[in-house]
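Engineer: Take the sequences, apply the hints, and build the full model.
Each chain, letter by letter, is given below.
Protein chains: 10
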Amino acid sequence: MLSKKDVTDLVYERKRQAGLSWASIAEGIGMSEVFTTSACLGMNALPRDKADLLVTNLGLPQEAAVTLAEYPTKVWDRSVPTDPCIYRFYEIVGVYGDTLKELVQEKCGNGIMSAIDFHMEVEKVPNPKGDRIEVRMSGKYLAYNAW
Amino acid sequence: MLSKKDVTDLVYERKRQAGLSWASIAEGIGMSEVFTTSACLGMNALPRDKADLLVTNLGLPQEAAVTLAEYPTKVWDRSVPTDPCIYRFYEIVGVYGDTLKELVQEKCGNGIMSAIDFHMEVEKVPNPKGDRIEVRMSGKYLAYNAW
Amino acid sequence: MLSKKDVTDLVYERKRQAGLSWASIAEGIGMSEVFTTSACLGMNALPRDKADLLVTNLGLPQEAAVTLAEYPTKVWDRSVPTDPCIYRFYEIVGVYGDTLKELVQEKCGNGIMSAIDFHMEVEKVPNPKGDRIEVRMSGKYLAYNAW
Amino acid sequence: MLSKKDVTDLVYERKRQAGLSWASIAEGIGMSEVFTTSACLGMNALPRDKADLLVTNLGLPQEAAVTLAEYPTKVWDRSVPTDPCIYRFYEIVGVYGDTLKELVQEKCGNGIMSAIDFHMEVEKVPNPKGDRIEVRMSGKYLAYNAW
Amino acid sequence: MLSKKDVTDLVYERKRQAGLSWASIAEGIGMSEVFTTSACLGMNALPRDKADLLVTNLGLPQEAAVTLAEYPTKVWDRSVPTDPCIYRFYEIVGVYGDTLKELVQEKCGNGIMSAIDFHMEVEKVPNPKGDRIEVRMSGKYLAYNAW
Amino acid sequence: MLSKKDVTDLVYERKRQAGLSWASIAEGIGMSEVFTTSACLGMNALPRDKADLLVTNLGLPQEAAVTLAEYPTKVWDRSVPTDPCIYRFYEIVGVYGDTLKELVQEKCGNGIMSAIDFHMEVEKVPNPKGDRIEVRMSGKYLAYNAW
Amino acid sequence: MLSKKDVTDLVYERKRQAGLSWASIAEGIGMSEVFTTSACLGMNALPRDKADLLVTNLGLPQEAAVTLAEYPTKVWDRSVPTDPCIYRFYEIVGVYGDTLKELVQEKCGNGIMSAIDFHMEVEKVPNPKGDRIEVRMSGKYLAYNAW
Amino acid sequence: MLSKKDVTDLVYERKRQAGLSWASIAEGIGMSEVFTTSACLGMNALPRDKADLLVTNLGLPQEAAVTLAEYPTKVWDRSVPTDPCIYRFYEIVGVYGDTLKELVQEKCGNGIMSAIDFHMEVEKVPNPKGDRIEVRMSGKYLAYNAW
Amino acid sequence: MLSKKDVTDLVYERKRQAGLSWASIAEGIGMSEVFTTSACLGMNALPRDKADLLVTNLGLPQEAAVTLAEYPTKVWDRSVPTDPCIYRFYEIVGVYGDTLKELVQEKCGNGIMSAIDFHMEVEKVPNPKGDRIEVRMSGKYLAYNAW
Amino acid sequence: MLSKKDVTDLVYERKRQAGLSWASIAEGIGMSEVFTTSACLGMNALPRDKADLLVTNLGLPQEAAVTLAEYPTKVWDRSVPTDPCIYRFYEIVGVYGDTLKELVQEKCGNGIMSAIDFHMEVEKVPNPKGDRIEVRMSGKYLAYNAW
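Chains as they are written, first to last, in UniProt numbering: chain S, 1 to 147; chain B, 1 to 147; chain C, 1 to 147; chain D, 1 to 147; chain U, 1 to 147; chain A, 1 to 147; chain E, 1 to 147; chain V, 1 to 147; chain G, 1 to 147; chain H, 1 to 147.
One or more of the hints may lead you astray.
[As the list claims (entries may be wrong)] A few chain B residues that don't get close to chain S, going by computed Cβ distances all over 10 Å:
hint	residue
1	K4
2	D9
3	E13
4	R14
5	E27
6	G28
7	L53
8	G59
9	P61
10	Y71
11	V95
12	I112
13	W147
[To be verified] Listed below are the simulated EDC-like cross-link pairs for lysine to aspartate or glutamate, each with C-alpha atoms no more than 20 Å apart in a straight line:
hint	chain 1	residue 1	chain 2	residue 2
14	A	K4	H	D6
15	H	K4	E	E13
16	D	K129	C	D52
17	C	K4	B	D49
18	V	K4	G	D6
19	E	K107	V	E134
20	C	K5	E	D6
21	B	K4	A	D6
22	U	K124	U	E134
23	H	K107	G	E123
24	C	K4	C	D52
25	D	K107	E	E134
26	C	K129	V	D131
27	E	K124	E	E134
28	S	K124	B	D117
For the record, the hints were derived by calculation from the structure and aren't laboratory data.
Where is the CB? At the ideal position from N, CA and C, for every residue including glycine.
Structural biologist: So this is what it looks like as structure tokens:
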């Protein structure tokens with residue numbers, strides 16, 4: 001069967017050949033850009049009907065839909081990422097980690113922001129001094145149990 | 001002289017005694033919560049006038065203002081954070097790192113989102129299914145040079 | 001102010017002098033053994049009224065209650081624990097990690113067992129072939145978002 | 001000969017094609033879900049008769065039974081797991097490791113809970129506030145020698 | 001499609017066969033030596049017209065131009081490099097890292113030298129006591145935000 | 001005796017009190033900014049007469065001159081630096097390490113650029129699009145032996 | 001209270017002053033050399049009556065007996081030991097680890113040698129070609145569960 | 001030529017097919033179980049005549065004898081082993097490392113037990129309370145030089 | 001083209017078939033044993049004429065000479081070597097590293113021994129108490145710059 | 001009692017005050033420079049009479065002789081040293097490790113060079129092209145056992 005990696009490679013190939021953007025691929029299946037991209041990269045599972053739609057839209061082999069709908073094992077190789085575009089987000093967690101904890105817990109109590117019941121958007125915001133990237137994360141507040 | 005760590009301890013002490021929130025401390029100096037908190041935790045430098053104001057508002061020793069305005073050396077001890085509230089953000093970078101790169105670069109071109117010309121907000125968003133935390137990051141897009 | 005570590009040391013001291021068990025300390029404040037012990041070791045926050053009760057029961061200084069009720073920063077020093085009693089649990093996660101994932105996700109869907117909305121019990125179960133330890137964990141199932 | 005990895009791949013393939021659950025595979029050989037799954041993932045050895053039964057039930061090549069009955073070398077690649085579903089169990093060991101040690105040793109004496117003479121169950125517990133996962137571990141208490 | 005690695009191998013092969021230098025390859029496309037070399041090694045993206053020119057000049061397959069113009073994922077395998085020629089630069093960062101920070105920040109304020117809006121030159125400087133290598137780096141100063 | 005660390009602390013203190021820059025400290029002893037700063041930070045040894053001069057200029061205790069002239073043991077704690085201003089230089093070595101090796105060896109032959117017979121300058125270069133930092137490194141070319 | 005480390009330091013001091021050997025200390029409390037030494041180094045708990053006897057024999061403060069009888073947390077700092085005398089044992093595990101597994105499991109079945117229900121002896125064996133050290137380990141065979 | 005790994009695979013295959021034990025393979029060439037096993041696993045070199053005998057006994061290709069007699073490069077992948085059967089030996093080194101050093105050096109002087117001029121035996125010792133594994137190591141005492 | 005690794009494999013093959021020693025291979029090209037061996041193992045570049053000679057002497061394919069003369073990228077996989085024969089040299093650096101630094105710098109001044117302008121010899125020295133290995137290293141003294 | 005570290009500090013202090021070299025300290029007790037230095041740095045044990053002599057010569061407190069004669073625990077903090085003078089020796093082991101193994105084993109057989117029955121000398125060799133450092137190591141050849 002096709003592995004998640006195989007499907008990612010196929011998606012990249014079709015995307016390049018057809019000159020598609022992640023935005024249009026996402027729109028084609030009626031889901032967000034971040035979620036669609038992460039599913040195509042093997043880091044999330046598409047609902048089965050969305051997987052079928054994606055397969056049709058991109059002309060992928062039918063069995064790719066099964067793979068896209070499978071629950072992924074989320075693995076990353078480097079505990080510290082090296083690519084500068086990804087490292088900067090790691091750096092933000094390093095620099096602002098304690099601050100995030102202080103503010104999450106001041107606003108909501110003893111708990112965390114979920115990374116599971118979670119969604120995220122990425123946007124380009126034009127700016128005369130230089131365009132900006134805006135990332136919005138939203139996660140459910142989860143309170144620690146006392147028992 | 002007082003170290004960044006000394007000042008952080010003093011701030012925590014006054015904050016606890018006076019029952020202050022980070023929100024009110026930030027408001028008292030007219031700066032954002034995230035920036036003010038990170039500066040109090042030693043991860044950013046306050047502009048000198050803001051440092052003076054903070055020292056007055058919290059009743060800190062005068063020299064604490066010098067320390068708060070010093071350029072910090074940003075250090076974190078663990079390449080993988082252990083506290084669950086911070087780890088979840090690390091996990092987001094691990095799971096969505098490649099996705100963030102794909103979307104930043106699709107929207108803007110070959111480059112990164114700056115973590116220096118950068119600001120961030122944290123908010124609690126009430127929700128009947130359970131309150132949510134919203135984090136908004138905004139960083140300047142920086143294009144790679146070709147020369 | 002007293003740190004979490006200071007309070008842990010004080011609790012150990014009183015516990016030893018008074019010949020108390022974790023079971024009786026927990027019973028004295030009407031909470032479970034696991035939660036009470038973890039809070040005394042600085043890994044959880046006691047509700048304030050429980051903290052006050054603990055301070056009274058053990059004859060700790062009054063300010064220890066503030067510390068016990070503070071939200072902890074959960075830190076562990078070794079990514080692989082060395083003490084044999086703790087290592088065995090690490091080994092279980094290594095050996096059965098993929099199995100746990102398969103079964104959690106077969107039973108509930110694409111998601112995880114929460115370690116935040118979570119409780120755990122430890123019990124000794126007498127057995128003629130040699131007593132056994134029984135550990136029961138219960139965590140809320142959290143489904144991954146699709147958006 | 002077929003490696004443990006080869007057999008795992010074959011099991012996954014048949015499981016997917018036949019739409020089987022781990023629960024039904026386990027039931028088919030009269031063993032528990034956790035143990036059966038872990039053996040199919042190459043982390044435990046099936047008794048030979050159970051291996052033969054599994055091979056018959058799933059229509060695997062006969063020699064797969066030899067492989068399933070072989071004593072495995074238990075290896076995991078990451079000292080800190082990355083998949084969120086597995087990481088949460090690692091986090092539990094990090095947060096509650098010292099607590100587990102305190103309670104095991106308070107209840108039984110100077111010793112450990114065995115991870116060898118050990119069994120575990122995973123269950124879904126319906127709950128109006130959201131279903132829960134329950135994990136029950138049972139390991140033999142082993143006392144340290146003094147000599 | 002050709003991967004960045006495939007193209008690097010092809011470039012090395014043609015370079016060796018034709019007895020070319022990086023200097024002449026760079027000159028052939030009208031870009032600097034450092035940038036051209038790094039793009040051929042897969043660590044930078046060539047502008048598409050330069051990529052086409054390079055492909056023509058070296059007689060590479062046409063699709064190599066697409067690969068050369070793709071945005072690379074910048075990965076290095078060793079957090080501490082072992083090759084002595086590269087290690088010496090790592091050593092310079094280790095020995096002079098704090099000095100670089102002091103001087104950058106004394107001259108410009110609280111900020112950093114960008115590694116993105118960045119260019120570099122390498123030159124041989126003849127010297128009677130032994131030739132010298134001169135490396136010149138230029139990066140845009142980026143000031144930390146306060147908000 | 002005063003350790004390198006003690007002297008660094010004293011220098012920082014005098015520098016802050018007197019409002020001195022590294023540039024003026026260096027000028028006061030007739031040496032370069034980079035070298036003087038690195039020696040004050042304990043990463044290089046000042047010639048004894050320069051050390052005496054520095055001690056006089058800054059009003060340090062006489063024995064600090066002995067310490068400043070001692071051969072340092074150069075140690076850094078993190079194989080990957082975390083402060084963003086230093087990390088960017090580490091990133092440059094990661095991204096351009098192989099390129100530097102290619103060009104050093106194309107220009108000079110099989111060898112390295114010395115980090116011992118080495119000097120470096122840091123300069124601010126005003127620029128209408130934003131000021132730039134320029135770093136110039138010069139190291140002696142050392143050829144590998146064949147014997 | 002005295003920590004395990006405090007007691008170890010006291011034992012070393014008395015041992016040196018009185019010119020005692022570990023052999024004689026062990027004999028004085030009627031236990032083996034290996035166990036007695038490891039308990040004095042904080043890696044095992046002495047039975048309380050043995051702890052009292054040791055305290056009397058060595059003239060330690062009375063409370064040292066409580067410490068010696070406490071259940072230790074077994075921690076080692078280096079995953080790879082550096083002292084040559086200890087490293088050689090690590091090397092033996094590296095070189096012969098798979099061999100030990102093959103032979104333990106060929107002789108007894110799918111299981112392990114316990115390191116808990118375990119004892120060890122160290123002896124010097126005179127030999128004309130050079131004296132030898134003989135180490136004898138004995139651990140209970142523990143079979144893996146199938147359930 | 002056959003690599004050490006190739007030969008190990010061949011030995012496993014013949015061993016399984018012929019239902020041989022390491023004990024009988026060792027006996028067949030008149031060498032010990034531990035040494036024979038470790039040589040078959042590629043961690044030791046067989047004397048050439050023994051290698052020839054082994055090849056004959058197991059019906060291996062003739063050139064396997066050359067490989068078996070070659071001096072191996074001893075490599076292990078994990079600084080901390082994960083398989084429980086091997087980890088327990090690692091744990092013993094961690095827990096008893098300092099004790100081993102104390103006793104080796106008390107009995108013989110400043111030196112080590114050799115892991116080169118070394119032999120080891122593994123035995124099963126029947127015991128009514130549960131069989132035991134006995135491991136006997138013997139290494140030459142080597143004194144540190146003073147010069 | 002042949003990689004360094006390919007050529008190393010070819011050299012090993014011819015060496016074994018022809019029953020050659022490194023000594024004789026080195027003599028055949030008029031270079032030292034250490035340098036010749038290291039070049040054959042891919043860690044140094046042979047002068048082109050020596051590479052041609054080696055290729056002729058061993059009957060290697062002609063293009064192997066190009067590979068042997070190429071500047072190698074020196075990479076080692078393990079920061080701590082495991083093979084005992086190599087580890088002992090690592091151990092010497094660990095135990096005597098500070099001593100080497102003290103003596104190099106006492107004899108020559110603030111600087112280092114070059115590992116680039118460097119040569120080394122290995123010899124067997126017969127000795128009635130057991131033969132000895134003698135390793136002689138010679139590296140150019142390089143003084144640190146002050147500027 | 002004085003620790004090894006305390007004695008090292010005292011030796012450094014006396015050495016500096018008296019303007020002594022390691023060479024003269026070694027000569028004063030009739031032992032080699034390398035061994036004497038390493039013993040003063042806490043990495044070797046002086047014979048007791050030599051320790052007494054050293055204490056007398058340097059005017060150290062009498063109990064320092066006991067410490068100097070104690071068997072050290074040899075520990076180094078960094079698996080990869082950072083100081084350039086020490087790193088170069090580490091680099092030599094990395095680059096030439098396999099070569100050293102090939103030549104030791106070609107000359108003597110399957111075995112190693114001992115780092116225990118070992119001595120080393122460091123010398124400055126004047127040279128018109130630049131002085132050189134010469135390091136001579138001599139270790140007993142130890143053959144692997146076959147049993």
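Engineer: Beyond 10 Å from every Cβ of chain S: is that where the Cβ of B:Y71 lies?
Structural biologist: 13 Å, holds
Engineer: Is the straight-line distance between the alpha-carbon of E:K107 and that of V:E134 20 Å or less?
Structural biologist: 11 Å, holds
Engineer: If I take the minimum Cβ distance from B:W147 to any residue of chain S, is it greater than 10 Å?
Structural biologist: Answer for B:W147: holds, closest chain S Cβ roughly 17 Å.
Engineer: Given the hint that D:K107 pairs with E:E134, test it: the Cα-Cα distance must not exceed 20 Å.
Structural biologist: 37 Å, violated
Engineer: Between B:K4 and A:D6, is the straight-line Cα distance small enough, at 20 Å or below?
Structural biologist: Holds - the C-alpha atoms of A:D6 and B:K4 are around 18 Å apart, at most 20 Å.
Engineer: Against chain S, does B:P61 keep a CB gap of more than 10 Å to every residue?
Structural biologist: Since the minimum Cβ distance to chain S is about 23 Å, B:P61 lies beyond 10 Å and the statement holds.
Engineer: Tell me if the straight-line CA distance from S:K124 to B:D117 falls inside 20 Å.
Structural biologist: 15 Å, holds
Engineer: Holds or violated: are the alpha carbons of C:K4 and B:D49 at most 20 Å from each other?
Structural biologist: Between C:K4 and B:D49 the Cα gap is close to 35 Å, so the pair fails against 20 Å, i.e. violated.
Engineer: Just checking, B:D9 versus chain S, shortest CB gap more than 10 Å?
Structural biologist: 14 Å, holds
Engineer: Given the proposed pairing of H:K107 with G:E123, does the C-alpha separation stay at or below 20 Å?
Structural biologist: 8 Å, holds
Engineer: What's the verdict on C:K5 and E:D6, does the C-alpha distance respect the 20 Å limit or exceed it?
Structural biologist: Status holds; Cα separation ~19 Å.
Engineer: Within a Cα-Cα threshold of 20 Å, do C:K129 and V:D131 meet the stated pairing?
Structural biologist: The given pair, whose Cα atoms are some 15 Å apart, holds under the 20 Å limit.
Violated hints for the displayed structure, listed by number in ascending order: 11, 12, 16, 17 and 25.
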